[in-house]
Amino acid sequence: MSAEIEIRNVSKSFGSAKVLENLSLSIPGHEFVVFLGPSGCGKSTLLRMIAGLESVEDGEILINGERIDHLPPGQRGVAMVFQSYALYPHMTVRQNMTFGLENINVAKDVIDARVADAARMLEIGHLLDRKPGQLSGGQRQRVAIGRAVVKEPNAFLFDEPLSNLDAALRTRTRIELAQLHQRLRSTMIFVTHDQIEAMTLADRIVVMNNKKIEQIGAPMEIYDRPATRFVAGFVGTPQMNFLDVTAARPGALGLSVACGPKLSIDTAVAPDVAGEVASLGIRAEAVSLAAPGEGQADGVIDVLERLGDRSLAHVRLDDGQMVVANESGQTRLGVGARVALRFDGTKAHLFDGAGKAYHGREAAP
Amino acid sequence: MSSGLSNSRSFGDRVILALVIALSIVMLAPALWVIALSFKDNAELMANPNSVFHPPYIIQNYINIVGTSAVFRWILNSLIVSIGLTVGTLVLSSLAGYGFARLNFPGRDILFVVVLFGLAVPEQAVLVARHQIFSILKFHNTYQGIILPGLSSAFGVFLMTQYFRAIPKELDEAAMLDNASRFRVFWKVLLPLTLPAQATLGIFTFLGAWNDYFWPLISATKKEMFTLTVGMASTQTNFAQSEGIGYLMAQAVFAGAPIFIVYLFFQKYIVTAVSGAAVR
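From first to last, the protein sequence lines stand for chains A and B. Those letters in the first sequence? Residues 1 to 365, per this note's numbering, in order. Those letters in the second sequence? Residues 1001 to 1280, per this note's numbering, in order.
Next comes chain B alone, as it looks inside the complex (with noise of 0.2 Å):
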């Protein structure tokens, strides 16, 4: 009897395999179709759209992409932006979720919820207003033009406002009684506390910085300021997409590599801030 029920549980295990590994190769087929396509010459690809399932594979996409003088400082671009994103909103929204969770302050409920309107508010709806200011305040084309739009994170305070009420209140009380200041309480006991939150926060912040396109693209108009994917996307010419789809795909491959790398190192807080186990 428990022999049958542990066959049929093997038996469901290989189904449920099965179709996780087809579903992978689903997946995957886009992923691996570029990376095969970004090693093609241009030429071959138009000629025989077939030639990516056998050799020559050749690296001359990515030299010529390595040989844009501007890449590196694109990275660079795209680096400061999402690094000063990440940190700003880690900050911002930390201090503002402690403030929100913990402090009694006249308005504290109002003004939290027209926090939370910014969630509701979409990017396009404010572009024209936001691009006028920056522009009075000449901030286009530098690295607060393109960082400070993304600072003012509802979501950020919304998720950090709502760990730390979840944090025992019981924990100020006892540091408070070991004669830590406020300060030092939010410091040393409070934050600490936050890590998983803040990792969450912290790597959506970063992928959303770095794959943004939409105000990158209006607010940097010089070459120099261009983060990784206004850049790319300003090499992309009609020729291009046409009849030069290997360096496009390398393209694709060279601009996803920083964040796959990310996603190798943070897999495990990405898993669980997709889950949205991290919020208790």
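So here's chain A without its partners, still in its complex pose (with noise of 0.2 Å):
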């Protein structure tokens, strides 16, 4: 019920159109991974050349050691939950769920065992003799999952499932999914273009843009130290500050660059690469606000998100520059307030101009 997934210099194109270029990959058995990435950046290409619903023009895919990628897919032991879930709309749940056992002919008690245990795990015996017309969303994921495990796959695919569910049920529906996988121990793929399903799912994150992987980390890793400047942007809520750099030299942590005639960071990335960087990246977490005049650079409040725990300060610096910064509690400061902010260079990031990432020695938690 586990396989380990090796993907090796694949590449795929829709008519002239490259979606995927030169990707490899590999997924050990048991791991929980969630292919993160914009729309239109391959991940769910990849995800179908897997289950054998896309050709693999360039390169080899593996499950297990064997290679799988010239197999049809019901050959391959994967199952896949599609993101409309695909019921068979005039078969029962119960149809639904036996009709890939009995096309390689198990025997009817193994697949009436099976059906119960899967019914049991995911709360839907009562729902066996009924139609997905008449099931909600809900449990329409549910029985979709449902047909997935009863055929007892080496791997789970999951192509943005949650999409279609309400906030509420895509909540519980994710940590359902967790506990799943806790229990069944296989390894799970799962596409998305929602960075908190990712962050909270995943055993590991692979990010994709641009028909290649970005990076390939666990989740914090992602967080912490984003391997490029479109990781730093795509992850995390707020979407993490970027200041162009006009200056850089050595200061007393490591690089002290300047964002502007005021605007001056000290932040701990080694000094060697003054010469690369272009742009600095910080999270709202690491910015502060304080009084008018106490801080590094004063601006204007121009938005304030309260989201009861916290309030998100947008503020505009009297250089016109934006930034967004993080005020634990509920603060009393208003819009048009005016402020200072504080720059945790410790946890400031640097990007050269092609993206990437240079990050600070004590960056990392």
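Treat each hint with caution, since some may be false.
[Claimed, not checked] Using 25 Å as the maximum straight-line C-alpha spacing, the simulated DSS-like pairs for lysine-lysine come out as follows:
1. B:1169 x A:18
2. A:131 x B:1169
3. B:1268 x A:108
4. B:1223 x A:131
5. B:1188 x A:131
[Said to hold, decoys possible] Computed from the model, here is a short list of chain B residues facing chain A with C-beta under 7 Å:
6. 1171
7. 1174
8. 1178
9. 1179
10. 1192
What the hints contain is simulated information worked out from the structure, not anything from laboratory work. Built from N, CA and C at the ideal position, the CB exists for glycine as well.
Can you join these two chains into the complex? Each is in its own frame, and there are hints to help.
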């Protein structure tokens, strides 16, 4: 019930449009891997290539050391949960779950036992004789997962399965998926453009953009030490603040950079990359509000997002740059208030012109 | 205020109801007229057309029809032709529709346009050529001779293609991941989902085949191969059209009865088909 998946130098085009370019990835057994990226980055195509629903143009895909990219979808030992669930509308829930097993002539008592187990695990026993049209979105989602579970596949493939659910149900289903993974210990690949889903579910995240993999890593590694400016900007809410670097010189901690005529931030990045850096990135939680004149830069609050446990202040600096600062608790400040910003340079990241990231020695927790 | 609104609505409803009843009478009057005439004696109708409004009503016209020894043969012929044509059209149109909607093969789109051209070609335009070919093949006065031309249904292929295209491809993919062969995907997953379209196509095809007069008149020249429409027409002499009105009307009722029964059973699908709602 668990598979090691190896993707070697895989490429794919649709007509003249290249969607994946020479992509390699290794997924150990039992791992929950999330393909994360914006629409059109090729993450769903990669998943469909593993499933056998798209051909592999170049390269190879192996499951447990065996090349499978030439096999039809049904013979790859994978099960897929589609974004639209793709339940057979004219079949009952039970028939939906047994169809795949009947096709490979599994004994009836085995089928019954597997359906009963899956139904108990997913709490859909009372729905078995209903048709998909009689189910709610969440129930259909469970049935789609149940249909995958009864096949006892080597790997589960999820293609944005939560995107059709409302926010509350999405959160609940996310937790249930995590529990399912803990219970089954199967290899699971999950495609999403939602970074919260990726951060909460994944053992490892594969961040994809523009036909290639930007970074592979554990969720907090991706968050704390993004490999590129794209990853830094894509992962994290609110988006990381980016400031253009106008000058860089050795400072007290490492490299001290100037971001405009009046703002200077002492970072922990090693000074030897001084000639490379083009921009600085710093997350909102590393920027705090202070009284005017008591920080590194002054500005005015343009927008204030009150989130209950914290507030996000969108501050327009005097030189025109926008920076989002995190204020824990319920702030008494309002829109239009004049404030100063304090930047925690030890948590700042620097990026060169090509987007490559440089982190401080103390940037990671 | 709300009471006034409710009253005006119910008044509006009443006006609409009255209009519907009036229009229904206008629509039904000819049919009722035909049925009433069919139960009257020919001679009595000749003497006084208004006799339809009072007894005696007789069933002699129907006895005369049944008495025509060939009539049951004609009904059987019509049934064989209509059912054969319906089943054949459904099978071929479903397969072709699946092919055009789901398979990639060279020239698919051009072939589909060629099929659609069939919608624009009237039967009369190909009649002579078809007659000659069928003569050479000795297909005239056979069931296949009457059925075969109707099997190439451009409308059926178009309808089924559009219907298959409307079914999400994820269902095919889910079935493929479920180890289903291409035929099993077609047979067990997709075909059952096209039932509304098949009902529409089947009903139209059956009604068209049952009522068809033109091609059976040309292809079936032997009395035992007549369909009901051709057979009934063959009994209508000049005398019948002027002095055998009751018999003529009984024939019309007799020929229309099976269609009426079909309508009773498939009313829901026919309404859907006519309204176009079956095509998603």
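Hint check:
{"no.": "1", "hint": "B:1169 x A:18", "verdict": "holds, 23 Å"}
{"no.": "2", "hint": "A:131 x B:1169", "verdict": "holds, 19 Å"}
{"no.": "3", "hint": "B:1268 x A:108", "verdict": "violated, 38 Å"}
{"no.": "4", "hint": "B:1223 x A:131", "verdict": "violated, 52 Å"}
{"no.": "5", "hint": "B:1188 x A:131", "verdict": "holds, 15 Å"}
{"no.": "6", "hint": "1171", "verdict": "holds, 6 Å"}
{"no.": "7", "hint": "1174", "verdict": "holds, 4 Å"}
{"no.": "8", "hint": "1178", "verdict": "holds, 3 Å"}
{"no.": "9", "hint": "1179", "verdict": "holds, 3 Å"}
{"no.": "10", "hint": "1192", "verdict": "holds, 5 Å"}
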